[in-house]
Structures are given as C-alpha cells and as structure tokens.
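Asker: Each chain is listed here by its residues.
2 protein chains.
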Amino acid sequence: MSIAESIDDEARMTIQSTPETTQVNGTTFERADDNDRILSIQSHVAYGYVGGKAAVFPLQCIGYDVDVVNTVNFSNHTGEFQIPLEPASLLSKTLCNTGYGRFGGTRASAEELASIFKTMDEAGLLSPHRLLTGYIPNAAALKVIKELAQKLKSRNPHLIYLMDPVLGDSGKLYVSQDVIPIYKEIFPFATIITPNWFEVETLTGIPLLSLSALHNALIILHEHVQHVVISSIPLQPWLFKVIPETMQPPASTDNQQDYLLCISSSRTIGTSSHSIVHARLVPLITGYFSGVGDLFSALTLGHFNPSPTPSDGKLHSATQTPLSFAAAAALHKTHSILKFTNTFAARLPPEDRTTTDDERDAANPVRKFRRMRGRELRLVQGQHILREEWREGQGKDLQFWDRFWDSS
Amino acid sequence: MSIAESIDDEARMTIQSTPETTQVNGTTFERADDNDRILSIQSHVAYGYVGGKAAVFPLQCIGYDVDVVNTVNFSNHTGEFQIPLEPASLLSKTLCNTGYGRFGGTRASAEELASIFKTMDEAGLLSPHRLLTGYIPNAAALKVIKELAQKLKSRNPHLIYLMDPVLGDSGKLYVSQDVIPIYKEIFPFATIITPNWFEVETLTGIPLLSLSALHNALIILHEHVQHVVISSIPLQPWLFKVIPETMQPPASTDNQQDYLLCISSSRTIGTSSHSIVHARLVPLITGYFSGVGDLFSALTLGHFNPSPTPSDGKLHSATQTPLSFAAAAALHKTHSILKFTNTFAARLPPEDRTTTDDERDAANPVRKFRRMRGRELRLVQGQHILREEWREGQGKDLQFWDRFWDSS
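Protein chains in written order, with our numbering: chain A, 1 to 408; chain B, 1 to 408.
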C-alpha cells in the first residue's frame, strides 16, 4: 500500500470512527465552536493541581475548548494560610491551606489582565459560551473581572457564568476584606455560585447554625443569583436533625461529623417562589487536599445543561434540576478523584504521608513538602473518572428536599 | 443501599476497575511519581493551541504528570512574523506565522523564571524525569534554561531532555540572533532535538541542498546530541532522487513538493560510527496551522522509551530505534490531528476559511482573525487520536534508511 493510500485510510478512520469526530459536520461544528468554549480565569501553578491546573484538564477531558487566562503564575500553591481542622477543608480552594509554604512567581496586574481581555476582544476571540472564575488576587483585578462579566453577559444573555467566590475556608479569610463587596457586585452577572459554608457566612453575614439561618442565607444569595451550590456543609447536629430521613447516614455511623452535605438550590429570579433544594451526603475523607473546590466548581459548570433535551440524552427527571444534575456529577467525580488520590497517598513511604505537625514542619520544611507532594490530586492518572459520561439514576443523584422551606 | 455503602462501592469500583488505577500500588507508584513527570517550559496563550497549550494536554492524555512553567502569558499567538509559503510551515512553531496579528500579555523575565525554578527546587519539586523546552523569548531567559538543564542533567544523568530549538521557519528567523549560540551551548544537555529544516540550516550553517549537505549537518548536530529528528523536509528534487525506492511517493504523484520527509537519526556519542537513520514521507496538508511543531515535539518526547522492555509491550524490532518509534507515533498523531482540524476548517463558513490575502487582511483584520480561529488545532475534540496506544508495525513506522551514509 502506498504511503498516500495508507495515510488516507488512517485519515478516513480518524475522521469517521469516533463520536468526537461527528463534530466536524455542520451541526455539531456550531456546538463545538460555541457551546463548548469556556473562558477560565484562574491561578496557575507550575507544580501541582490547584486553580487552573485543577479545572482545565477535567473540562478538556469532557470535551470543552478552554481559553485559559492566568491570574497568577506561581511555582506551586502558596500555603500562606493556616491549616484548618474542620472537615470543610476537604473542599478547600485555590492557594489554600495545604500549600508548600513558600512560592516563587508573579501575580498578573489588573492592567495585564485588562490588556489580555482587550486584545482577545479586538481579535474576535472573546465570545465564550461559558465563563469560569476562581481565585482573584486582589480588588483591582476583581474589578476587571466584574467589567468582563458585565460585558460578556450584556452581549450574550445566555452566557453561563459560574463564579466561585474564593474568600476563605473553615473560618479563615484568604483574601483582603475589600474583595467581599466586589464579589457581591458580580452576583447579578453570575448564573451559578459555589461558595463553601464559610463563604456563605462571609457573603451573607449569617452564621449557619440553624435551618432558618440557612434559609435566610439562601434567600439573600438568591436575590441576584439563580443557582447556588454549597459544596460542603459539615453535618453538625442541627443539620443532622433537619435533613430528610432518606438522606441520613447509616445508623452505624458513630460520628455525624464524618459526613459533609452538598446542597444545590435553584430559583427563578423575579418570582416570589422559594428555591428548589436538592442535597446529598458524602463521607468525609480525612486529610488535606488542595484544588478540590476548584475541581468541583469546574465539573459543576462542565455538567450544567440549562435546557436539557431528549436529543442529547440529558433530559432530567421531574425530581432533578439542571443544577442538581450537574452538582451530582461534580460531587461524584470529585469524591472519586479524592478517594483515588487518598489511596495513592496511603501507599507512600511514611515520611511522605505524615500527618500535620506544624512544629516539626517548621523544624524541617522538606517534611511538609514531601507530604504535600503526595497529596496532589491524581487528575491525570484518574482521567477515566473525569471522562465518565454522567447519567442520573445511578444512585448518586442529589435528593429532592421537598419540605426544605416548610418551616419558613 | 445506604449512602455510605453506595459510595464505598463506587470507590472500590474506581480504585480497582481500570488500568490507570493499578498505578496506586507500590511498584507503579514509583513510575507514576518519577518516570511519568515532565517539566514543560513553553509559551502560554489564553486562546488557541500553540506552545504549552499544544503540548501539555496531549502529554496529560497519554498519562504524564506535567509541570508547566510559562515563558510568556499572551492572549493569543502573536503572528508577528510573515506567512511563509513553504510546505515546512506545516510544522510551524510557537508564535509562528499564523497568528492573530496582535496580542496582549507579558513575557516572563529571566529573573521571574529563575525565581520559579529556585522555589520549586527548595520545595523538592524540581526532579522531573523528563524536560521539554520550546520557544524561549530571549537570550537572558534561555541562559536560565541552560543552567536549569545543566543542573537537572548533572543530578540525574537519565534525564530525558527534548529541546525544540525554536528559531524560525521557512527561511525566517523568529528570534534574535543572540539566542543561536546559546542553543548550541545547550546541546550537550539535550537527549533529543527537533529542529525543522530551517533550524538545521541555521544551527549548522549548512544549506540543505544535497544528501552530502544533510550528512554534514547531521554530523555537526550529533557531535553533542544523541538523537535528532528533522520533522519536515520538503521533498525537493535532490531529496526525491536519494531516498530509497520504498519511501517514494506513489507514481501517480504530480508534484513531489506535495510531500514532506520526517527523518530520525540516532547515534551513540563518543563512537565513530555513523547514526542510524529512519524516515517517512507524509503528504503536505495545504493551509497554515500553528502549534503543530510544538505538538510534534511533545508527542515525540511522550512516546520516547529509551530502554524498551517486553514487559511494557514496547520492545522495538531490530529495524526500529527508540527514536524512530517515538517519531513515528508523533508523526502519525500530529498528522491525524492536522487532517482532523483541516476537515473541520473546510466546513466553516467561507469567510472563516478564506485563503491568505495580506492586502485584504490589512484592510479587514477581523477577516484574518476568523480564518485563524478556524485553524486552531482540534486537540480536545480529537483527543481520541492523542490517546491511541502506539504500536509499531501498523504500516506507519519510519523506515530504516540502510544506505543513508554510503556515499560519505
């Protein structure tokens, strides 16, 4: 067979033999060139998986073209924050508590970010169908993001913007106070927000100590945002008491604190109706991991399908919302990656998996580095998890919390 | 089934059901944590696929943990160079001729790069098994790369360093003259280099106009580098005359210029023996694409297996070298992605696939942007191509050029 023939054969094979390649016909080209393009604005680290490194590869694995703007360029995550002890640290965010304790690199100035967006715009490269933002280093940069979100939303009302309001975790603020009001100003442009419980408290000023507090916090967040996911609330006694029986952990459970609750809440803005709430418990995985919140938010955006149709096989049953569907997929895949990573970390030599001990870390920094290195998310090795096609009804859906609003 | 049980089931499934997951046992952990880690130092663009965007995702798809250091952070490829007319532009390099004509963003200073490497080193995060470098913005930055390569090589003699000496293409230099001598100084630390024909001419000072010229150029490059791949030499008459009959294009071919020759050449440094040369013709795909050389180099490094063993199913036949094996895989996958991208581009609306016309582009820049946008490599949509497990003997191997050195 001549070279030309053999290559043509291979080309035919390549172009016709897989699902992806159907995207080259007219119809799916539109989808691929439009609906499948996400602009991700995140921190970048050379080593490890937080921010963009935790978000972009998973989104590419499930088929999105991702435009990547880096808010910082660091060597590794910075660990400039205390290590929290609360379970919520499981869904800790970019530049979170589990970093390597020192870092090299640069932050993009507000001007540099603005110049990148301006040039992309002039070149006709700034019309993403979806927008994802995470950790933003400072108020000036966050204002640039606000202007960008406003512009993209006004141009395309169908823009799906997932804003992860990265403020802090487990009672500790990562960012300067002055970003908090700016995040609130961005709410009207956001389709979905994914605060952790501490960020809910910070953004609403309401401590989550009762169901009515949770009601009030959600009411405040829903004033401007249609879709809210609270990725992980520790299953404290007050929460344990109010969740539906079908959601409760097995009776065998000694300690309710070993579980986290993920809540999705959707409502139509401008209506007086309460939101539709779904939730699901996941067991706590002890240990400190970074970038888990970034991964969860990316997967929530990636699996969010605002107008499911039978044609794409993603028609939701009456009991699911587009948000609960997406959150269930993100929760399942994130939890699976964590289990996968945790199993890997457990096989490491003892010195690479010692538990935290700040004093001994201080005496011997390398000890901490080795531990952190073993805790990096195993995204590449676990990419089969990321690529799983998600279908509801596999026993991992979020459950409808039908009487959630009854008491208010 | 209780939530805890269902999650444990899923966890078991996740942890035992796939090939990747075997990597969590002791043995493969070593491999995953060592041999599979690549440090990639490339340019970054927010939109499109050149430099790191063309190299990292493909390497992640085939299972490598990739540490990513960005030498520039741009909005898009810069197109600060002329559009060449030679076929070699098919394997054009980062920041090549097909850019969007303007760009925003920043270059990393030599100091910033040095600071990132220093911090990674201090944190014990600087022991990659493989190193990949592409476009380096200037001489000062390139010197930092040289020091890094020297340090990593001295620490780990088994380091596999693929250096893509990005200088220019098709008779045009992208970089300032002063980087050329520094690239030559880096040769002794490189395992593989992947110059295009113009870079071979520039680095050796020898115009590739005859087989003896090609001999002399390879002899010069092999003085310090064991493995050389010349990714695409236009099949000019002199070359057409000297290649083995078995490599020649089908007799039906009207124009030999419609083909490019990929050559791999390996020799043991310090021996007087000639190198072992393999080659393969691929048909020219008309049109201008960016990042193709970056993709080819990344895949060559990713598929290079210096000590193939039966156990990993990658034992090469006597007629193949580790380099010819890797180059064949890279050539096949790169060519397939190009065909895939080209098919997509052909379905675009006419205004997005107009052929080049500098005058009309100047009058209407958006016209050029739209064309370029349609030419971005379809890496995400074609990831099934990237993930193909490569085996020799599929009719796409490079062929042994047994009498290559006879005339010298």
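By construction, these hints were calculated from the structure, which means they are not laboratory data.
Treat each hint with caution, since some may be false.
[To be verified] Only some residues are given here: those of chain B computed to face chain A with a beta carbon under 8 Å:
1. Asp65
2. Ser115
3. Ser127
4. Leu159
5. Pro234
6. Ile269
Ideal Cβ placement from N, Cα and C applies to all residues, glycine included.
Asker: Now, for every hint given, state plainly whether the structure supports it.
Answerer: Each hint, compared with the structure:
{"no.": "1", "hint": "Asp65", "verdict": "holds (5 Å)"}
{"no.": "2", "hint": "Ser115", "verdict": "holds (4 Å)"}
{"no.": "3", "hint": "Ser127", "verdict": "violated (10 Å)"}
{"no.": "4", "hint": "Leu159", "verdict": "violated (17 Å)"}
{"no.": "5", "hint": "Pro234", "verdict": "violated (16 Å)"}
{"no.": "6", "hint": "Ile269", "verdict": "violated (31 Å)"}
Comparing the model with each earlier hint shows violations of hints 3, 4, 5 and 6; every other hint is respected.
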